[in-house]
Structures are given as structure tokens and as C-alpha cells.
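Enquirer: Now for the letters of each chain:
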Amino acid sequence: MEEIKDIKLETEADLDLFGNPAKIRIVATSDKLYIIPEKGFQEKISFDLKRIESFNIRQTVGSAFFQIKIDGYFIDIFRFTNSNRYKFSRFITQVQNLKSGQPVSNDILNQPHPFLCQKCGFPLQTEESTCPNCLKQGAILSRVFSLLSEHIGWIFIIFFLMVIGVALSLIPPRITKILVDEVLTTRKHVDWLPYLVIILVSAEFFRAQINMLVGTISTSVGTLITNNLRKKLFKKLEELSLSYYDINSVGTIMTRFSSDVEAFHGFVTQAGQGFLLNIFMLIGIGIMLFSINWLLALYVMIPIPFVVIGTLIFWRGVYPKYYKVWDSQAKLSTFLNNVLSGIKTVKAFSQEEKEFNRFTFYADKLKDSVRTVNINISVFNPLMAFLFSLGGLIIWYVGGKNVLEGKLTLGELMAFLSYIGMFYSPLTNLTLLSTWFSNFTTASHRIFEVLDTEPQVKEPKRAVKLMKIKGEIEFRNVTFGYDPYQPVIKNVSFKIEPGEIVGIVGRSGSGKTTLVNLLCKFYDVQEGEILIDGKNLKDIPSYELRKHIGLVLQEPFLFRGTISENISYGKPDATFEEIINAAKVANAHEFIMKFPNGYDTLLGERGAGLSGGEKQRITIARAVLCDPPILILDEATSSVDTESEKKIQDALSSLWKGRTTIIIAHRLSTLKESDKIIVIDNGRIAEIGNHNELMEKRGIYYNLIVMQTQLSSIDGALIHGN
Amino acid sequence: MEIKKEYLTPDNIKILKGEFNTINLFLIEDGILYKSVFAVSCFPVTNPYNFISIFYQKETGEIEEIGIIKNISVFPEEEKKLIIETLNKHYFYYEITRILDIKWKFGFLLFKVETDKGEKEFYLRWERSKAIDIGKKGKLLIDIFEDRYIISDVEKLTPVEKNLFTKFIYW
Chain A
1 MEEIKDIKLE TEADLDLFGN PAKIRIVATS DKLYIIPEKG FQEKISFDLK RIESFNIRQT
61 VGSAFFQIKI DGYFIDIFRF TNSNRYKFSR FITQVQNLKS GQPVSNDILN QPHPFLCQKC
121 GFPLQTEEST CPNCLKQGAI LSRVFSLLSE HIGWIFIIFF LMVIGVALSL IPPRITKILV
181 DEVLTTRKHV DWLPYLVIIL VSAEFFRAQI NMLVGTISTS VGTLITNNLR KKLFKKLEEL
241 SLSYYDINSV GTIMTRFSSD VEAFHGFVTQ AGQGFLLNIF MLIGIGIMLF SINWLLALYV
301 MIPIPFVVIG TLIFWRGVYP KYYKVWDSQA KLSTFLNNVL SGIKTVKAFS QEEKEFNRFT
361 FYADKLKDSV RTVNINISVF NPLMAFLFSL GGLIIWYVGG KNVLEGKLTL GELMAFLSYI
421 GMFYSPLTNL TLLSTWFSNF TTASHRIFEV LDTEPQVKEP KRAVKLMKIK GEIEFRNVTF
481 GYDPYQPVIK NVSFKIEPGE IVGIVGRSGS GKTTLVNLLC KFYDVQEGEI LIDGKNLKDI
541 PSYELRKHIG LVLQEPFLFR GTISENISYG KPDATFEEII NAAKVANAHE FIMKFPNGYD
601 TLLGERGAGL SGGEKQRITI ARAVLCDPPI LILDEATSSV DTESEKKIQD ALSSLWKGRT
661 TIIIAHRLST LKESDKIIVI DNGRIAEIGN HNELMEKRGI YYNLIVMQTQ LSSIDGALIH
721 GN
Chain B
1 MEIKKEYLTP DNIKILKGEF NTINLFLIED GILYKSVFAV SCFPVTNPYN FISIFYQKET
61 GEIEEIGIIK NISVFPEEEK KLIIETLNKH YFYYEITRIL DIKWKFGFLL FKVETDKGEK
121 EFYLRWERSK AIDIGKKGKL LIDIFEDRYI ISDVEKLTPV EKNLFTKFIY W
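Here the protein sequences come in this chain order: A and B. In this text, residue positions in the first sequence follow the working numbering: the first is 1, and each later residue adds one. In this text, residue positions in the second sequence follow the working numbering: the first is 1, and each later residue adds one.
No wet-lab data here; the hints were simulated from the structure. The reader is advised that the hints may include incorrect statements.
Unchecked claim - Below, simulated DSS-like cross-link-like pairs (lysine-lysine); rule was C-alpha separation at most 30 angstroms, straight line:
#1 A:K69 / A:K44
#2 A:K354 / A:K401
#3 B:K89 / B:K112
#4 A:K50 / B:K58
#5 A:K87 / B:K103
#6 A:K354 / B:K58
Use the sequences and the hints to build the structure in full.
Expert: In C-alpha cells form, the structure reads like this:
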């Protein structure tokens, strides 16, 4: 094998071109790219870098091909699994640099994956997440206790009351012993009877009082802590960038709020009323049993291994079955939600029978899973009861013999039996401690993970304040991809002067909305920079920037609340006059006044009760009210009928006067009057100019216009034909 | 240049072997040769070897469909082999033959498995969207890097493996 000299880049691919596990050495020198298979069915090959026109990664299902373009055609030269995507996304940049004579770094190829913990290799939720594996249990507990520390006074009170409560619970069996031995059998102190009963009643009474107090205080403290936690979580979720929501579904986040926070709440209340109480009870009863008769106390211990092992086996087996129940319930409710919201479609296509069969399938699954769990519980509970009674029966036999032999008094036996009645139940609860504790730490991990996540869009350390802006926008060599391996925007540069109306045109998926997302700083650019009035977006805090941008989206989103609340969403202190003016500009006033409650009309979820066009006009009024120097209309009229579109267009044309306006529209006729039209194709700027210039160019824009004109003439012919 | 969208048959196309393990497609009627084409199945789960879409890559790197092969069996053996070869290249997954262990840790499942390509260990985010049904009995597992693992028939796992698997992937 010839020795390769002057190696600039060297790495390895893990598949051959046919998808077999392989070891393919990839070497790049100043003038050549070598593909050297050391294992796998692929030939050794090399290419002159000069001959290669460009490089590309073609993503397929489960793997990707590294391609080079030669003589106008892309050819696959090696292949790798998705776990190597990060490495080869870096390799492509380096090899491009090498080809263009720029400096390269081989070390960059060996950097660990950013989504894996640098210390232990455990996967992270996001690049910035803390590693749950490296976060010690002790660290979690100390964080939990730090949350509890605000209420430390109350926690001590609970602790103190609990000790008293346990002590009070231990009194009745002791009194029973005295009652039996001193009053009922020997009749030595018959006059003690009423006093002993009073002591018994008092002990029970105070125990009940203390239990009430402990319950009330721990519930209050628990709800207070979880309420604070929910607020912290919500605040954090508002801070997080949109990229967080791209990875985590709304359902997953809702789980953080519901079950995870509830598990946390469970810890606080359980720690007070369950875990600690059970420990105190076990210790207290143990002391009592051994103090009465240590030998008999040892007999009490006989069923303990059976209780502990039985409980552990049961829960390990049954707990996963609970998941099936929850899953079946979730599937059934999702199915019902789906079918009932689309019942019109079901009926229109006469699919009632099919949907009934699907319902039966989900309902049967739920029935089976619930049945399995309940049968398991029905078997487990009597078995445990038998084990508990076994302890009692042993004491009856051994203790009974001791009483008959005079080694034990009847009162002591009665007290003993009372104590063991209270002994096994806390033991069962403590056996489940590890399951309960692991659920709690998992829930805490998930909560802390959200709280510790850093927003992808970094807020500047030294923020630039934007008092009043002119509205000049500049994109300089911007590259961005939601998946960093696959850029959606590729090296885009353009400038918009203050007050200009600019249309952005392109096929769906070409990257138009991504440009807007970057301008609004919903995501940070990966390469290049965006400037507003000459200031880099990275130096402007998001909240500061968005005060100057009015955004009208394709899908109008209205919150549950009144029309006036929705209009004044971005400016809660708006006067009634301002709200009405904004609605008038947006051509919304007329239809709002048709409602009996006018601007005070309460809207349902997502604006239920309004047509698409009406919702859109309210969102426009919302944008108008903020009077932003930069206005962005992202397909604002594409989901409404022609009549509504006309009204919205009228509203918009009065709105964009004197503001920098960016319009993304698929109906190109709306862009004719724009100062500038930017045509985006496959993430790059393909054309730029005004309508007339682009028409003369006869490029993509021209073709799109011709296509839309043809479509409208077909529509026209159809209408006239009718 | 207008691309024909009708079904591709031996009457209107010829599949040829190209340079560097590539496959070319020759449109007979138009006399156009598409170099370095590749195939994608329209129904990769339910009908993987029929309704095969053939794509070519433009000079810009964009891909565009040339047409669809409705029935692969009508093609000459040599061409059929080339189509299947390029089709198979589009999909890469590990077929799990044995589950050795599954461990849960902080919302992830660590799988230790034997696959048709050797022993593998991978982390799966414990979410419904990462373990999805494939066919009536199979499951597709998508790990944290988007590498894919298939269990073609969950029922065929041994009782111990099935118990372990359904303990976590219970949906």
C-alpha cells in the first residue's frame, strides 16, 4: 500500500457503500481525497481535490452517503451511520476549507458529540443540559432540601408533632396491659378502671388531633412548595428557545407539570405522613416489643423476610403492568378525542362501523390491562394478610404457652398482639420505599433538567438597548439549520432599507419562514450575522427586539379571553380608543360590533366562534396596536377565503406605510408593489429585484407568476363555464 | 426539461450500471440519460418492492423524482437486481435477533442487543415516538442518533426477552 504523505484530515466511516459494517479510512491531503477500506466490501479509490466540484451529504433512512460532485454529477463515495453524522458534518466543512486553500483542523473531527456528556458519555436532552448521570443522588436531595429550606420552621414542627403522635400511638397497648393485669385479671386496682379508660380516650383524642395537624401542615407546605415549583417551571419554559419545543412535545412538557410536579408533591406529603412516620412507628413498636419480652419479639421477626420479599416481587412484577393501564387509558382517550372531533367526517364517509371496531380494540385493551392489575392485587392482598396473621398466630401460640407457664402475663400478651397489629403495615410501606424513592428522584431529575436547561438563543451579557429603531435589516452570510447537519438557510446575504416593503418568495420548504424565525431571534444563526440598524442581533435581548417587531402568522392564534384582551395582548395598557382604532385599521371593527358583547365578547379556545378571516384580522389588529417599526406578514392571507383576503389586504396596505415590512406570500399578485422581492430557492437567494426586474429576468419568479396566472385563468374559465 | 411522471416500465426506461457503483436511468422515448439515480420505496413497510420511486440529483444537489416503477417483476433480471440494490442502499437498519438486556436510566433505555450486524449497545429516549409499530407485529426503535433497529416480530422473542421488552415498550 502506498504511503500517504502530507495528511491534513483523517477519519473513519463505519459502513461500506452497501450498508455492511466496515472500517473505511478517509484521508485528505492538500490535493487528494482517499477512500481506503480496511474492512468491508468497497474498493480503494482516490480523487483529485481539483476535480471535485463540491461535497454533499445525502441523508437516507438510517444512514447517510458522503457525496462528491464530479462532471456535474453527484456520486456516493462512502457511507456512515447516523451516529457519525456530527463528525461528518464537521468533516465536510474542513474538506471544503482544504479544497479552497483555507486552514483546516483535524482535531475538530475527534471532538465528542455535543449531545453526550463529556464525562460519562450519557445522552443529554439538549446540548446545554446537565448530565443526570453525573448529578449525584445526594446533589438532587440537597437541591430538594434547598427548595424545602424556605419552610424549614414548618418542617420542624411537623417532625416534632410526628414524634409526639407516634408516642401517643404506643400508649394504648401499654394501658391495655395494665388494664388486663392490674384490673381485670388480678383485680388488684379495680378503682383504676375509669382513670385508665380516660387515659386511653385522651391518648386517642390527642393522637387524632396531632394527625389532623400534621396532615394539614404537611399538605399546606406541600402545595406551597409545588406551587412555587410550577411557577419556576413556567417561567423557565417561557425563557427557553423554540428549539426546546422542537425536541420536546407539548405532551412531554405537560407531564412535567402534572405527574412530575405531583410526584414532588407526593414526596413532601409522604415524607411527613408516610415515610418518616413509618420509620418512627417501626422503631417505637420495636422498642416496645423488646422491652416487654425480647424472646417473643424475635418470633415477631419470622414473617418479616416473607413480607419484604413478597412485596418486592409483587411490585416489580405489577408496576410495569400499571404502565399498560395508563397507556391503554391514554390511547382510548386520544382515540375518542380524535373521532369525536372528526365525527362529521366519520359520518360523511359512513365509517361508523370501522370506528366502532377500533374503539372496541382500545376498550378491550384497557379492560385486559385493568383486569390483569386487579387480579394481581386481589391475589397479593390476601397473601399479605395471611402473612400478617401468621405473625399473630405465632405469638398466640408461643405467647399463649408462656402465659400458661407463667412466664408472661395475659396483659403483656394482649399488648404484644396490639403492637404487632401495628408493626407489619409500616414494614410493607417501607419495603416500597426504594420504588417510591426512585420515582421521586426520577421526577426531580426531570424537573431540574428543565430548570437547568439553558436557552439555545443566548441572551447578551452586555445588552444593547433599542430605544427607537429605523428598521434597517441586514443578513450577512447567514447559515442555519434546525438540524445543524442539514442547513435550511445557506450563506444568505441581503439588506433591507428602513421603510422598504420586501416580499420573500419561494417554494414551500425553501426557507422563507426560517428567515423570519431568525430575524425574530426565535433561533440563533449558526454562521454569519443579522443586523438591525447596524446592531448585531446577538447583542440585542430577545424581549427588547420583539417589542419592535409585529408578526402576523399564517395560523392566527387567539387566546381564551375577550376580543379586546386578544387585541391588546402585546400592549396590555392600551386605551379603549387605541383598541378600537387598531381594530378599524385591521378591518375588524365591523364584525366585532355585530357580536352582542362587542369587544367584550369572550372567545373560546383558539378563537372558537370566529371564522379564519376574522381571527386573522384580530391578530392584525394586535400587531397594529403595538405600532412596530418592523412588520412581518408570514402567509397572513393564505388560509382565508377570497373575500376575507380582500379585507385583510386592505387592512394590511394601510398598515405597512412607513414601516419596514416583510411579506411572505404565496399569492404573488400581493407583492407587485413591493420595493424588493427576494426569491429563495433551496435555502439560497436565487433572485433579488423588484417585480419588473424579476419579470424581465425570466427566472424562478417569472415562472411562478406564469404558473399562478395560468391557474387563475383556469379558475376563471371554470367560473365562467358554470 | 420536463420530467415524465408516468409509471416507469421496461418499455420506457432502461436501467444501466454507471461508474463508481452508481446506477443510471435512460429514458428511451426522450433519449435522456439520468446519471447516479437512486430508488425510494413508496410503501417501505407494507409493500417495499413495488411502487418504487426513482430520483435523480440535480446539479444543485436537490433531488427530483423521475417517475415510479409500479411493478418491479416486469423488469429484466439484471435491471431488477440493480433497482433492488439501489433501493436497499436507501435503507439502513439493524435487525435485532436477541435482546440481551434493557436498563432504564433517567428517561433513557440502554439496550444491549445482538443484531444481524453484530452486538450493539444503544440508548433510546423512552418515548412513544422512538419505538413505533412496523407492520402488524414488528417494532422500529430509533436511538438517540436516529440509528434504526428493527424487531420484525415481537411475538417471536423468547418469553424472557419479550417480558423484558414489553416491560418498557408496553405500547
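Enquirer: A separate judgement is required for each hint: does it hold in the structure or not?
Expert: These are the hints, each one checked on the structure:
Restraint check for K69 of chain A and K44 of chain A: satisfied, since their Cα atoms lie roughly 18 angstroms apart, inside the 30 angstroms limit. For the proposed pair K354 of chain A and K401 of chain A, the alpha carbon gap of about 71 angstroms is over 30 angstroms, so the pair is violated. Under the criterion of a C-alpha separation no larger than 30 angstroms, the hint pairing K89 of chain B with K112 of chain B is consistent with the structure, at around 26 angstroms. Between the alpha carbons of K50 of chain A and K58 of chain B the distance comes to roughly 21 angstroms, so the proposed pair stays at or under 30 angstroms and holds.
Restraint check for K87 of chain A and K103 of chain B: the C-alpha separation of about 28 angstroms stays at or below 30 angstroms, so the hint holds. A C-alpha spacing of about 45 angstroms is found between K354 of chain A and K58 of chain B, which places the hinted pair above 30 angstroms, so the restraint is violated.
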